[in-house]
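Could you build the full structure based on these sequences and the hints that come with them?
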Amino acid sequence: MGGEVKFQLGQNPYIKLVLHALKHRVSSVNGILIGRLDDASSTVDIVDAVPLSHSQIGLLPTLEIALIQVEELFSADGLSVVGYFHANERYDDAELGKIAKKIGDHISRYFPQPAVLLLDNKKFEALCKGIHREPVVQLYTKDASKGWRQAGIDASVQLTLKEPSANTVLSDFIATEKYEEIVDFDDYLDDISKDWLNPRLFK
Amino acid sequence: MVGVAEEAELNRLENQVDNGGGGAWEYLTLVRKLKLRRSEKVLKHGLAILDDPKSRSKLGTEEWTLYEQVAIAAMDCQSLDVAKDCIKTLSKRFPGSNRVGRLEAMLLEAKGSWSDAEKAYTRLLEDSPLDQVIHKRRVAMAKAQGNISGAVECLNKYLEIFMADHDAWRELGEIYVSLQMCDTMYKQAAFCYEELILCQPTVPLYHLAYAEASEIILSSLGDCQYFIIFALYKLQVLYTLGGLENLITAKKYYASTIDLTGGKNTRALFGICLCSHAISQLAKGRSKEEKEGLELQSLAAQALVKDHKQKAPTKLPLVSSMLKNMKLLS
Chain A
1 MGGEVKFQLG QNPYIKLVLH ALKHRVSSVN GILIGRLDDA SSTVDIVDAV
51 PLSHSQIGLL PTLEIALIQV EELFSADGLS VVGYFHANER YDDAELGKIA
101 KKIGDHISRY FPQPAVLLLD NKKFEALCKG IHREPVVQLY TKDASKGWRQ
151 AGIDASVQLT LKEPSANTVL SDFIATEKYE EIVDFDDYLD DISKDWLNPR
201 LFK
Chain B
204 MVGVAEEAEL NRLENQVDNG GGGAWEYLTL VRKLKLRRSE KVLKHGLAIL
254 DDPKSRSKLG TEEWTLYEQV AIAAMDCQSL DVAKDCIKTL SKRFPGSNRV
304 GRLEAMLLEA KGSWSDAEKA YTRLLEDSPL DQVIHKRRVA MAKAQGNISG
354 AVECLNKYLE IFMADHDAWR ELGEIYVSLQ MCDTMYKQAA FCYEELILCQ
404 PTVPLYHLAY AEASEIILSS LGDCQYFIIF ALYKLQVLYT LGGLENLITA
454 KKYYASTIDL TGGKNTRALF GICLCSHAIS QLAKGRSKEE KEGLELQSLA
504 AQALVKDHKQ KAPTKLPLVS SMLKNMKLLS
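Those sequence lines, one after another, are chains A and B.
For the first sequence, this note's numbering gives the first residue as 1, with consecutive numbering after it.
For the second sequence, this note's numbering gives the first residue as 204, with consecutive numbering after it.
Simulated from the structure, these hints should not be mistaken for lab results.
Careful: at least some of the hints might be erroneous.
Covered by chain A, per the in silico footprint, the following chain B stretches (three or more residues, Cβ under 8 Å) [stated by the list, open to error]:
hint : segment
1    : 466 to 480
2    : 508 to 521
The following label-pair restraints were derived from C-beta to C-beta distances [what the hints assert, rightly or not]:
hint : chain 1 : residue 1 : chain 2 : residue 2 : range
3    : B       : Lys257    : A       : Asp195    : 27 to 33 Å
4    : A       : Pro164    : B       : Ile351    : 37 to 43 Å
5    : B       : Asn214    : A       : Leu197    : 37 to 43 Å
6    : A       : Arg200    : B       : Ser533    : 45 to 51 Å
7    : B       : Asp334    : A       : Val26     : 22 to 28 Å
8    : A       : Pro112    : B       : Asn301    : 29 to 35 Å
9    : A       : Ser145    : B       : Ser300    : 57 to 63 Å
Dumping the calculated DSSO-like pairs for lysine-lysine here, alpha-carbon to alpha-carbon at most 27 Å [unchecked claim]:
hint : chain 1 : residue 1 : chain 2 : residue 2
10   : B       : Lys238    : A       : Lys178
11   : B       : Lys530    : A       : Lys203
12   : B       : Lys518    : A       : Lys194
13   : B       : Lys487    : B       : Lys530
14   : A       : Lys98     : B       : Lys512
15   : B       : Lys244    : A       : Lys178
Ideal Cβ placement from N, Cα and C applies to all residues, glycine included.
Structural data, given as structure tokens:
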């Protein structure tokens with residue numbers, strides 16, 4: 001596999017993750033990205049996401065149970081865990097923190113070139129004010145020295161939104177307060193009748 | 204900590220008020236009592252009462268409590284003008300009050316005027332050195348400015364005075380956990396939770412030393428709510444730390460949590476399964492550790508299957524398969 005891997009972010013996972021962050025505004029949240037690698041084009045297609053936690057994020061048990069179930073469920077469709085999403089607790093914290101890096105490393109064991117997406121609060125604020133251009137996330141990938149590198153000037157090539165209308169649809173969902181409906185793995189562990197697949201979100 | 208009944212009542216009231224069915228004051232009172240952070244709703248419904256002279260006069264002296272509650276909610280929602288108005292009204296009614304002074308300092312905080320807020324809090328503390336809210340605001344300010352080590356220092360100092368503040372211990376533990384994974388910080392976090400368990404005034408002390416288990420004296424599940432939540436936290440910390448000894452201890456904590464919750468706590472049930480699996484991986488060939496608690500883990504697995512059959516049938520195949528792969532289910 002030559003050259004750098006590119007990532008294409010589908011509308012549904014994108015919306016799910018941002019809404020999850022919105023639902024739990026005062027804490028960090030995270031989630032798992034699901035997709036497949038297309039060898040021919042060196043592109044990872046991110047087709048779904050599972051919101052994970054909104055409290056006690058640094059602890060393993062929830063992550064491990066979720067990874068086991070998610071891998072099992074999606075492998076039937078030829079999909080796997082391809083990355084991780086994180087939103088920091090504080091508005092002006094734009095760094096990929098230690099926990100996010102550690103979890104990214106953990107996920108690298110499942111998928112060697114994962115995407116780690118960090119919610120970009122400033123871009124997100126711009127979106128809420130009606131400026132719709134780029135995806136409101138920052139991409140981090142593993143570089144040769146095994147550290148996490150933020151996608152720089154080539155970010156808009158390395159990470160693209162699959163559907164150009166994604167930000168518009170996201171704004172709609174925000175306006176209608178759809179984020180209240182998001183269920184994450186934490187919610188499921190508190191009440192197993194809640195479905196972390198969020199099947200009714202896009203109906 | 205919000206109990207199941209209280210949460211149900213809160214949601215019922217919230218729905219009622221949201222849909223124009225009245226009960227705003229009851230809702231706001233409950234939010235205040237449970238110390239929840241529902242600032243958007245509080246702002247909306249509280250302001251509606253305050254803006255209507257008839258509703259406002261019905262409150263009598265409670266009116267001032269509402270002004271305070273709305274001021275704080277407004278600051279949380281960055282509606283600083285609303286906050287300012289509420290505080291002005293309060294300071295006219297209670298000139299020179301420290302409680303109002305506290306709100307003024309919070310407003311400085313909300314504006315990001317950190318050093319002015321810090322000066323204000325320091326002044327207020329001179330008059331009321333035992334005001335817990337002010338102490339905690341200083342921690343919150345440090346945290347908001349990204350000064351995590353400052354927040355930790357403040358919190359530790361606070362806890363030296365107010366040792367029985369469970370929320371503060373929990374906050375300290377969470378900050379330690381967020382700082383880094385799998386190192387000594389985790390050990391300190393585990394210690395925090397131990398302190399917490401010992402601090403519980405109404406819960407009969409539950410001794411679970413690292414090397415031995417003891418009997419539990421239970422009066423009612425409600426009393427143990429705090430204990431359960433923090434026991435769960437502690438054992439998740441131990442699991443994350445890893446290593447055979449920690450896993451075995453974690454498994455013991457999970458077992459007692461299962462006992463306390465009558466086998467109904469999903470995290471505890473999954474936790475036993477994860478621990479057992481991890482232990483069997485690490486302890487290959489050390490048959491004593493492997494054989495310990497075989498019945499418990501198989502019961503936990505069965506309980507998970509049963510619960511999913513009843514409440515989450517779509518997830519049943521997934522959970523069964525996971526447990527079979529862990530060799531906990533046949």
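Evaluated hints:
Remark: the segment 466 to 480 of chain B is confirmed as covered by chain A, as 5 of its residues place a Cβ nearer than 8 Å to a Cβ of that chain, reaching the required three. Counting residues of the segment 508 to 521 of chain B whose beta-carbon sits less than 8 Å from any beta-carbon of chain A gives 7, enough to reach three: the coverage restraint holds. Look at lysine 257 of chain B against aspartate 195 of chain A: about 45 Å separates their beta carbons, and that is not inside 27 to 33 Å. A hinted range of 37 to 43 Å holds for the C-beta pair proline 164 of chain A and isoleucine 351 of chain B, which are about 39 Å apart.
Remark: the range hint 37 to 43 Å for asparagine 214 of chain B to leucine 197 of chain A is contradicted by a beta-carbon distance near 23 Å. Distance hint check: the CB atoms of arginine 200 of chain A and serine 533 of chain B are about 35 Å apart, inconsistent with the given range 45 to 51 Å. For the hinted restraint 22 to 28 Å between aspartate 334 of chain B and valine 26 of chain A, the CB-CB distance of approximately 23 Å keeps it satisfied. The supplied range of 29 to 35 Å is broken by proline 112 of chain A and asparagine 301 of chain B, whose beta-carbon atoms lie about 59 Å from each other.
Checked against the given bound of 57 to 63 Å, the beta carbons of serine 145 of chain A and serine 300 of chain B, roughly 59 Å apart, stay inside it. Between lysine 238 of chain B and lysine 178 of chain A, the direct Cα distance comes to roughly 25 Å. Compliance with the 27 Å bound is thereby established for this hinted pair. Between the alpha carbons of lysine 530 of chain B and lysine 203 of chain A the distance comes to roughly 38 Å, so the proposed pair goes past 27 Å and is violated. For the given pair, lysine 518 of chain B sits about 10 Å from lysine 194 of chain A by alpha-carbon distance, which is consistent with the 27 Å threshold.
The suggested pairing of lysine 487 of chain B with lysine 530 of chain B holds, with an alpha-carbon distance near 14 Å, which does not exceed 27 Å. Between lysine 98 of chain A and lysine 512 of chain B the alpha-carbon distance is near 38 Å, which puts this suggested pair outside the 27 Å criterion. Of the pairs offered as hints, the one joining lysine 244 of chain B and lysine 178 of chain A holds, with about 16 Å between alpha carbons and a cut-off of 27 Å not exceeded.
Hint compliance for this structure: hints 3, 5, 6, 8, 11, 14 are not met, and every other hint is.
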